Amino acid sequence: MSEDAVYDLLRRVPPANIEPRLYDTIHLCPDLTDTLLSTVDIPMKIINDTSANGQFVACEFNRDLDSHRSPLSNKYFPDLPDGQQISKRLRSIEIKANTAFNAYRHLYFEGGICSVYLWDIEDKIFGFGVFIKNEINTTLRGGQKIHGSIDCSDVVEVDESSSTASYTMTSSVLMNVNLDIGLSKPLTISGSTADRKVRNMPWKSDDDHIVNIGELVESNSSHFRDTIENIYVSKMKQIVDLIAKTDASANQAAVANELAALFAKRRGGA
Numbered sequence: 001m002s003e004d005a006v007y008d009l010l011r012r013v014p015p016a017n018i019e020p021r022l023y024d025t026i027h028l029c030p031d032l033t034d035t036l037l038s039t040v041d042i043p044m045k046i047i048n049d050t051s052a053n054g055q056f057v058a059c060e061f062n063r064d065l066d067s068h069r070s071p072l073s074n075k076y077f078p079d080l081p082d083g084q085q086i087s088k089r090l091r092s093i094e095i096k097a098n099t100a101f102n103a104y105r106h107l108y109f110e111g112g113i114c115s116v117y118l119w120d121i122e123d124k125i126f127g128f129g130v131f132i133k134n135e136i137n138t139t140l141r142g143g144q145k146i147h148g149s150i151d152c153s154d155v156v157e158v159d160e161s162s163s164t165a166s167y168t169m170t171s172s173v174l175m176n177v178n179l180d181i182g183l184s185k186p187l188t189i190s191g192s193t194a195d196r197k198v199r200n201m202p203w204k205s206d207d208d209h210i211v212n213i214g215e216l217v218e219s220n221s222s223h224f225r226d227t228i229e230n231i232y233v234s235k236m237k238q239i240v241d242l243i244a245k246t247d248a249s250a251n252q253a254a255v256a257n258e259l260a261a262l263f264a265k266r267r268g269g270a
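In UniProt numbering, the protein residues as written are 1 to 270.
Since the hints were made in silico from the structure, they are not lab data.
In this text, all values refer to a predicted model and were calculated from it rather than measured experimentally.
Just so you know, even glycine gets a beta-carbon here, dropped at the ideal spot from N, CA and C.
Just to be clear, a hint being listed does not mean it is correct.
[What the hints assert, rightly or not] DSS-like cross-link-like pairs, simulated, lysine-lysine; straight-line CA separation at most 25 Å:
1) Lys145 - Lys45
2) Lys204 - Lys124
3) Lys96 - Lys204
4) Lys75 - Lys45
5) Lys45 - Lys96
6) Lys124 - Lys88
7) Lys145 - Lys185
8) Lys96 - Lys124
9) Lys124 - Lys197
10) Lys88 - Lys204
11) Lys96 - Lys75
12) Lys88 - Lys75
[What the hints assert, rightly or not] Pairwise CB distance ranges (calculated):
13) Val198 - Trp119: 17 to 25 Å
14) Thr33 - Gly214: 30 to 38 Å
15) Ala103 - Asp8: 33 to 41 Å
16) Arg141 - Ser92: 45 to 53 Å
Using the sequences plus the hints, can you model the full thing?
What follows is the structure, given as structure tokens:
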């Protein structure tokens, strides 16, 4: 099976089912393993760091074998004594970046777990990833229960070979939300969207990279918020309007508007 055919197949899979289908595909096409694991988004997982008494996001960029490295303690869970470690310089940036982006998460998001990871690529080039997982479990004003998750990732390749650094950022949002509006089973809103951009920005110190990437992530949040609202929430409005017209006992006309506000907050809206 060609690489293009594999991607065409996987992009049609709902986010809730993407992980098992991804590993099925890897089993059939083992030569594409590294490419698929680094490019296909699957729902993020949360792992407890028992040594730092905190939680962190598990993803492909902090994985070594079946363990994941915590940005809090720099340890692997489950324990992996010979797990890969990043350079001292990148680890120093990583610690500062986690502090900065968790302040951003606290300011712009309602809850969620944010983890920042760095990794060595080659001389003068390194990777910088910001991963935020938002678990949703709430009740709307009309009594409708909503649960699911919205995962946001921003993966940046930083080329600092000159005084003007090049930041190549690939961003994605993976959403899977279930809404109980009184039907026989919950209504599911799921999907994903991705974007890629390149920016050149001046830098003099490692802190400048954190600031520059922070600006890119913040500006990208507005783009994805609008995408989610325009595509997924608009579809939700159409469904709710149809239900309201066909079921006189239902009072769901305001549900979609409340969902739009909820999703805006989850992706960093004001």
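Check your understanding: Hints broken by the structure, by number, lowest first?
Key -> Structure breaks no hint.
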